[in-house]
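K.L.:
One letter stands for each residue in the lines below.
2 protein chains.
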Amino acid sequence: MKPSLVKGTRDFGPEQMSKRLFIFDTIRQTFRRFGFQPLETPSMENLSTLTGKYGDEGDQLLFKILNSGDFSAGLTEADLAQGSKKLTPRLAEKGLRYDLTVPFARYVVMNRHALPMPFKRYQMQPVWRADRPQKGRYREFYQCDADVVGTDSLLCEAEIVLMVHEVFRNLGVRNFTLKVNNRKILAGIAEAIGRPGEESTLAVAIDKLDKIGQEKVIDELRERGFTDENITALQPLFTINGLPADVLASLRTWLAQSALAQQGIAELDETLQLADGLGLADSRVEIDVTLARGLSYYTGAIFEVKANGVSIGSVSGGGRYDNLTGTFGMPGLSGVGISFGVDRIYDVMDELQLFPASAGQGTQVLLACFDAQGRALALPLLSQLRAANVPAELYPDLAKVKKQLDYANQKQIPYVVLIGSDEVQSGLLSVKNMVSGEQQKLSAPAIIDLLSHR
Amino acid sequence: MKPSLVKGTRDFGPEQMSKRLFIFDTIRQTFRRFGFQPLETPSMENLSTLTGKYGDEGDQLLFKILNSGDFSAGLTEADLAQGSKKLTPRLAEKGLRYDLTVPFARYVVMNRHALPMPFKRYQMQPVWRADRPQKGRYREFYQCDADVVGTDSLLCEAEIVLMVHEVFRNLGVRNFTLKVNNRKILAGIAEAIGRPGEESTLAVAIDKLDKIGQEKVIDELRERGFTDENITALQPLFTINGLPADVLASLRTWLAQSALAQQGIAELDETLQLADGLGLADSRVEIDVTLARGLSYYTGAIFEVKANGVSIGSVSGGGRYDNLTGTFGMPGLSGVGISFGVDRIYDVMDELQLFPASAGQGTQVLLACFDAQGRALALPLLSQLRAANVPAELYPDLAKVKKQLDYANQKQIPYVVLIGSDEVQSGLLSVKNMVSGEQQKLSAPAIIDLLSHR
Numbered sequence: 003m004k005p006s007l008v009k010g011t012r013d014f015g016p017e018q019m020s021k022r023l024f025i026f027d028t029i030r031q032t033f034r035r036f037g038f039q040p041l042e043t044p045s046m047e048n049l050s051t052l053t054g055k056y057g058d059e060g061d062q063l064l065f066k067i068l069n070s071g072d073f074s075a076g077l078t079e080a081d082l083a084q085g086s087k088k089l090t091p092r093l094a095e096k097g098l099r100y101d102l103t104v105p106f107a108r109y110v111v112m113n114r115h116a117l118p119m120p121f122k123r124y125q126m127q128p129v130w131r132a133d134r135p136q137k138g139r140y141r142e143f144y145q146c147d148a149d150v151v152g153t154d155s156l157l158c159e160a161e162i163v164l165m166v167h168e169v170f171r172n173l174g175v176r177n178f179t180l181k182v183n184n185r186k187i188l189a190g191i192a193e194a195i196g197r198p199g200e201e202s203t204l205a206v207a208i209d210k211l212d213k214i215g216q217e218k219v220i221d222e223l224r225e226r227g228f229t230d231e232n233i234t235a236l237q238p239l240f241t242i243n244g245l246p247a248d249v250l251a252s253l254r255t256w257l258a259q260s261a262l263a264q265q266g267i268a269e270l271d272e273t274l275q276l277a278d279g280l281g282l283a284d285s286r287v288e289i290d291v292t293l294a295r296g297l298s299y300y301t302g303a304i305f306e307v308k309a310n311g312v313s314i315g316s317v318s319g320g321g322r323y324d325n326l327t328g329t330f331g332m333p334g335l336s337g338v339g340i341s342f343g344v345d346r347i348y349d350v351m352d353e354l355q356l357f358p359a360s361a362g363q364g365t366q367v368l369l370a371c372f373d374a375q376g377r378a379l380a381l382p383l384l385s386q387l388r389a390a391n392v393p394a395e396l397y398p399d400l401a402k403v404k405k406q407l408d409y410a411n412q413k414q415i416p417y418v419v420l421i422g423s424d425e426v427q428s429g430l431l432s433v434k435n436m437v438s439g440e441q442q443k444l445s446a447p448a449i450i451d452l453l454s455h456r
Numbered sequence: 003m004k005p006s007l008v009k010g011t012r013d014f015g016p017e018q019m020s021k022r023l024f025i026f027d028t029i030r031q032t033f034r035r036f037g038f039q040p041l042e043t044p045s046m047e048n049l050s051t052l053t054g055k056y057g058d059e060g061d062q063l064l065f066k067i068l069n070s071g072d073f074s075a076g077l078t079e080a081d082l083a084q085g086s087k088k089l090t091p092r093l094a095e096k097g098l099r100y101d102l103t104v105p106f107a108r109y110v111v112m113n114r115h116a117l118p119m120p121f122k123r124y125q126m127q128p129v130w131r132a133d134r135p136q137k138g139r140y141r142e143f144y145q146c147d148a149d150v151v152g153t154d155s156l157l158c159e160a161e162i163v164l165m166v167h168e169v170f171r172n173l174g175v176r177n178f179t180l181k182v183n184n185r186k187i188l189a190g191i192a193e194a195i196g197r198p199g200e201e202s203t204l205a206v207a208i209d210k211l212d213k214i215g216q217e218k219v220i221d222e223l224r225e226r227g228f229t230d231e232n233i234t235a236l237q238p239l240f241t242i243n244g245l246p247a248d249v250l251a252s253l254r255t256w257l258a259q260s261a262l263a264q265q266g267i268a269e270l271d272e273t274l275q276l277a278d279g280l281g282l283a284d285s286r287v288e289i290d291v292t293l294a295r296g297l298s299y300y301t302g303a304i305f306e307v308k309a310n311g312v313s314i315g316s317v318s319g320g321g322r323y324d325n326l327t328g329t330f331g332m333p334g335l336s337g338v339g340i341s342f343g344v345d346r347i348y349d350v351m352d353e354l355q356l357f358p359a360s361a362g363q364g365t366q367v368l369l370a371c372f373d374a375q376g377r378a379l380a381l382p383l384l385s386q387l388r389a390a391n392v393p394a395e396l397y398p399d400l401a402k403v404k405k406q407l408d409y410a411n412q413k414q415i416p417y418v419v420l421i422g423s424d425e426v427q428s429g430l431l432s433v434k435n436m437v438s439g440e441q442q443k444l445s446a447p448a449i450i451d452l453l454s455h456r
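Protein chains in written order, with the numbering used here: chain A, 3 to 456; chain B, 3 to 456.
A hint or two may mislead.
Note: identical chains are not told apart, hence a pair may lie in one copy or across any two.
[What the hints assert, rightly or not] Calculated pairs, DSS-like style, for lysine-lysine (alpha carbon to alpha carbon, straight line, at most 27 Å): (1) K88 x K9; (2) K4 x K88; (3) K4 x K55; (4) K21 x K9; (5) K402 x K434.
Derived from the structure by calculation, the hints contain no laboratory data.
For reference, chain A alone in the conformation it holds in the complex:
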């Protein structure tokens, strides 16, 4: 009879939720200022919409919903003998959203004639993956995505650079790095070292440079069939660093022979100049030509954000793609997007104690009474406090003072107003600061004034 949570899922209690809401609200306000509009899509999609979009492994990780009604009617032993994989389409036609990108693509295709283009939308919703649960990996987690589709203007990339800076600064995360790259530069490197078209294989290895170091990257490249000549030609990669302008200059020289690389370099350059024009101050941008994020569907810019001073993976990432909606029969739609990982951002802010005191704040004051006379004073005060936008509670029972103070402590309510017989007689109420322990006597209007200006 003891109830439990589904493995890999979590409850978010009041304190966690208040902090999470701070993150959600901050991101939402920033998205809004940048002209992104909210979209929500259903938790369930037809499996025909979801399957084949995330690779074989992804298809395995989709949560499928058992058909309603008499789902097993007509199933035979021969069907059973085919095994679970073949049986699945007979039992389930719906699945839970795996990410926000595919539902967004479906929405764009279904509403293509009504949408303003370029279309800027954000979406903040949970997604589900039937992963084996492990530390830091959950079966249900939120994604917060912002995308612009229907334009290939680099202004969109520049705005994402600005928006990333604003989101993290508004959250209070000041020490972060925004790594940027461009797939065309990776493709140009592949060209320059004599392996044109093999930027994906190249990227898989060099993407790990941070983690495993130069030698192991070279070992892996050899294993993947890169020759000594290829690897020698790759050497400049390991020495390029510095400010974005210096990195761009080095790349221009090294990759002078690759038109593709020069295009990627020019795009990055223009993006950073536009960001500059937008007034980007105290830039955290770093060009990292090893950044690939699995490349997947990125065709231009690639972004990744890491918080410094904590060993938590990337907290945000994204890039430009050229074919969001092709699988739904609407080819050639270009866009660029960024995704913020709320769970990891939470972990970073928690570890570095970056949540503002206000983020976890619930009730600001508890009114404690001990008899009907006290309550008669408390009731109007309670409503006046709330009208002044002060979250306030009246302990619902006429309990002993200790019980009421314990309640305030447990809920981390910073003020308690005690209304005993003295207070009823004098009309001056005792206000106890639960942090400092100080106590003072104040009139009801003075209490409202004190708490509404905190």
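Here the structure of chain A is known, so what remains is to put chain B in place on it, guided by the hints.
P.N.:
Relative to chain A, chain B alone:
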């Protein structure tokens, strides 16, 4: 290849979402002022947590999640022959949340030693029901619940009365009725008419008085075995009406012989007095002794809110229960709760055009340029507008003026700043009011001033 939505589910595009967010934010802020704290539970629960809580019909309406991996291993033809119902537990051990009450109960039981009591929580999350889709009935919809558990103080009922008034007034829904009743009064009526203990059967019939009228209610009671004596004794029910104080007085006289009824009447009376003490003004409370809301698990107060002037069902409802967590082995936990139906509230506000203009508002101003010189002026202005908390966009391409104005119109952006060659020369930018069509020339600081004070 044409993608579609799962039947009974919906996308919420930018305009709908903005309005929905206005409702969510308003309810959330009100809950918060009343000292309710946020909670979120996972979308999936173990089926052992969900089944048996909603009756047979409810169990059928649970969405079940197909087990991952080789779910059909070990299944035989004999298993198949048992039919879908018996097969389900072999294929699915998880289900989607059907309401917010059962997950809340599970959470309370699992965290009982750490929770402050009384525990006040609110929860705003989607729920799923495998209903046959029909107009106004969806398979995925949001519930917004606030509950206090761990006290039987009638202050909680009074606070709900206040909170209902605040939520709807803050939403701009001023013309509503909050019907209240108490199960003990219904039980007392059953006693008084000679059918003690049969308040559920009685309630099923009289609950429909509004819809089908007195005669049909009496017909139904006869069908359910109520005698002429019972029905004669019930007559006062059909004439009781008026202000709450008058209704209470009539009930006191009619039900003088029922101690249970007198207790229910006293509870209602105290609740309304406490609400009065809390300063409830322009009360929309109406005592309706036919209100039952299916009775289900209600043991004391019963609430229901209807918006007047529209034929949309109840927009909010709730009541007191005595045994939230009994099925999870924690008996005797009393509580009282209220649930707001966001979808219906949306429909009411939409039909009565009650959404404030600000609720649907996205981008406030579009900057339109036509060459690089214009863009150089636009970039810093864009960031300054955003810094002044004005949602702003720069059209990402150097498109023709018509295209950019069409974009603004389609997105209902109220202002467009046109930056052509004249504007570049003079530094005075053309500001077009897209509603009135008026146009004026202003400096960049004047534009920021205009838009940030709107």
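K.L.:
The structure should be examined with respect to each hint, and the outcome stated for every one.
P.N.:
Comparing the hints with the structure gives:
In this homomeric assembly, K88 and K9 come within 27 Å of each other (Cα to Cα) both inside a single copy, at 26 Å, and across copies, at 24 Å. Taking identical chains as interchangeable, the C-alpha atoms of K4 and K88 lie at most 27 Å apart only when they sit on different chains, with a minimum of 23 Å there against 36 Å within one chain. In this homomeric assembly, K4 and K55 come within 27 Å of each other (Cα to Cα) only across copies, at 15 Å, whereas the closest approach inside a single copy is 39 Å. In this assembly of identical chains, the alpha carbons of K21 and K9 lie at most 27 Å apart only when taken from the same copy (23 Å versus 35 Å across copies).
Taking the closest pair of Cα atoms, K402 and K434 come within 27 Å of each other only inside a single copy of the chain (16 Å); across copies the shortest separation is 65 Å, beyond that limit.
Against the hints set out earlier in the document, no violation occurs for any number.
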